[in-house]
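J.: Protein chains in written order, with my numbering: chain A, 1 to 206; chain B, 207 to 462.
Treat the hints as calculated values from the structure; they're not laboratory data. It is possible that some hints are incorrect.
Per label pair, the in silico range of CB-to-CB distance [as the list claims (entries may be wrong)]:
(1) B:Ser361 <-> A:Val179: 54 to 62 Å
(2) A:Lys56 <-> B:Asn375: 17 to 25 Å
(3) A:Glu146 <-> B:Asn375: 37 to 45 Å
(4) A:Val172 <-> B:Asn374: 42 to 50 Å
(5) B:Phe224 <-> A:Ile9: 49 to 57 Å
(6) A:Ser86 <-> B:Asn375: 29 to 37 Å
(7) B:Lys461 <-> A:Ser160: 38 to 46 Å
(8) B:Asn218 <-> A:Ala113: 28 to 36 Å
(9) A:Glu45 <-> B:Asn242: 57 to 65 Å
(10) A:Glu45 <-> B:Tyr300: 27 to 35 Å
In silico lysine to aspartate or glutamate, EDC-like type, Cα no more than 16 Å apart, as pairs [to be verified]:
(11) B:Lys461 <-> A:Asp109
(12) B:Lys380 <-> A:Asp64
(13) B:Lys461 <-> A:Asp42
(14) B:Lys458 <-> A:Asp42
Built from N, CA and C at the ideal position, the CB exists for glycine as well.
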Amino acid sequence: MLQLISGVIEPDSGFVKFENHNKRLGEIAYMQQDDLLFPWLDVKENLLLPLKIKNKLSKKTYDDMIEKSNILGIYEYLSFYPNELSGGLKQRVAFLRTILQDSEFILLDEPFASLDAIKRIEIYSWIEKLKDYINKSIILVTHDIEEALFLSDQIIVMDSGKENFKFNIDIVMPHPRKVDVIVEKNFIEQKKLLIKKLDEVKNIAN
Amino acid sequence: MRSRILLTNLKNFFSVYFLPIITFVIMLIIWQILCNIGVFETWLLPSPFMIIQELYSSKFFLLEHTFTTAIEVILGLSFAMIFGTFIGFFMSGYKFLERSILPYVIASQVIPIFALAPILIVWFGAGIISKIIVVFLISFFPIVIGVFDGLKTNSNDMENMLRTMGANNAQIFKILKIKLALPSFFSGVKVASVSSVIGAVVAEWIGSKSGLGWIMKVSGPLFQTERVFASIVILSIFASILFLGVKFLENKLVKG
Chain A
1 MLQLISGVIE PDSGFVKFEN HNKRLGEIAY MQQDDLLFPW LDVKENLLLP LKIKNKLSKK
61 TYDDMIEKSN ILGIYEYLSF YPNELSGGLK QRVAFLRTIL QDSEFILLDE PFASLDAIKR
121 IEIYSWIEKL KDYINKSIIL VTHDIEEALF LSDQIIVMDS GKENFKFNID IVMPHPRKVD
181 VIVEKNFIEQ KKLLIKKLDE VKNIAN
Chain B
207 MRSRILLTNL KNFFSVYFLP IITFVIMLII WQILCNIGVF ETWLLPSPFM IIQELYSSKF
267 FLLEHTFTTA IEVILGLSFA MIFGTFIGFF MSGYKFLERS ILPYVIASQV IPIFALAPIL
327 IVWFGAGIIS KIIVVFLISF FPIVIGVFDG LKTNSNDMEN MLRTMGANNA QIFKILKIKL
387 ALPSFFSGVK VASVSSVIGA VVAEWIGSKS GLGWIMKVSG PLFQTERVFA SIVILSIFAS
447 ILFLGVKFLE NKLVKG
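With the rest of the complex left out, here is chain A (with noise of 0.2 Å):
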């Protein structure tokens, strides 16, 4: 569904339409499961390279990165090679390089999925300090509900084949949300009519 959003491959028949307007690779930022960070590049040629293929490498454009690099805890390692950082470092820079992107949408088809309990906490976390100044759509492809429930606004349930959409449900939860939200009576309750209208829809499905 992200690959034919993204424009990376082409609908058998119909279209992808945003806004009434058509979409073209390039104007969407797509960041995959893995990384796919250059490993000959270093961190910071990494997170300059969509710049520099839409020529828009600039003083504004990389003091953006500069400053954006500062929130996500990835400055220190601008000049380190990618072998060279943790999992949970090359997701931050994979994904701060999609917001880099300077794209109207963003596609997240399950960043974090490779990562341990623990360092997807401390990305949430970085996530929800960067929200205000990405200021862009997103949608996130996860099997996470915890994950789903912390990020969102809305989510959206589907499942693979024809009728694959099944129903949609809106977050209520205000920004910026800390880590210990998901102990909250709130959340708490989200997570519980959420699994309860999964259980719905695998009821009808049987």
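Dock chain B against chain A, hints included.
T.: Just chain B now, with coordinates in the frame of chain A:
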């Protein structure tokens, strides 16, 4: 984190280089002792000291012929790198070229260089050109295959990611494909750098008037075994320098 990497590199250096050097020195000492006590006849197997003496006393003579061999190797290898890269590049990009050329590139390696060298000497004379062609032929194959395999490396995910960044085919080739092909290219060049020296010596052996291969050929029957060994030492050092030079370039250009 960096200091830990430095410490690991230092440990690796000792474990990689220290033991081979010690082994080499011990072998030389044993060899020298066996020659000194008469276990080996020195006209059959000269002692390390005699070889060093020969290297020193005939230094200008050996240097002149080393120069000839070095020129043959460097020119032959350079042409092989240029044409090998060119052919490998086009074969990886165009299926019909791969199907047309690859079988003949492989077949060219089946022909023993010992059979081909005399014909090349008949065609191009006993001068430097026939030697360069032999070096070219022996070095060409690993480079073509290195470039071809390197450019065929599967990189779909990275390619897709670059496309979503707005990269065109030329940018993908420059940013991704070349970099992915470099390790494979350098593997080919490293193999070629060593075999190119063998090619030059074989060609000189079959028909020439100069070069280290020629020295070995004429010195053997005259029982100047220390000169044969001196030539072998120079060839080994030259091949090692060539190999290490390629490795140095590889370390500079291939990161991660």
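J.: Against each hint, give a clear statement of whether it holds in the structure.
T.: Each hint tested on the structure:
no.: 1; hint: B:Ser361 <-> A:Val179: 54 to 62 Å; in the structure: violated, 36 Å
no.: 2; hint: A:Lys56 <-> B:Asn375: 17 to 25 Å; in the structure: holds, 20 Å
no.: 3; hint: A:Glu146 <-> B:Asn375: 37 to 45 Å; in the structure: holds, 41 Å
no.: 4; hint: A:Val172 <-> B:Asn374: 42 to 50 Å; in the structure: holds, 44 Å
no.: 5; hint: B:Phe224 <-> A:Ile9: 49 to 57 Å; in the structure: holds, 54 Å
no.: 6; hint: A:Ser86 <-> B:Asn375: 29 to 37 Å; in the structure: holds, 34 Å
no.: 7; hint: B:Lys461 <-> A:Ser160: 38 to 46 Å; in the structure: holds, 40 Å
no.: 8; hint: B:Asn218 <-> A:Ala113: 28 to 36 Å; in the structure: holds, 34 Å
no.: 9; hint: A:Glu45 <-> B:Asn242: 57 to 65 Å; in the structure: holds, 60 Å
no.: 10; hint: A:Glu45 <-> B:Tyr300: 27 to 35 Å; in the structure: holds, 31 Å
no.: 11; hint: B:Lys461 <-> A:Asp109; in the structure: violated, 28 Å
no.: 12; hint: B:Lys380 <-> A:Asp64; in the structure: violated, 26 Å
no.: 13; hint: B:Lys461 <-> A:Asp42; in the structure: holds, 9 Å
no.: 14; hint: B:Lys458 <-> A:Asp42; in the structure: holds, 14 Å
Hint compliance for this structure: hints 1, 11, 12 are not met, and every other hint is.
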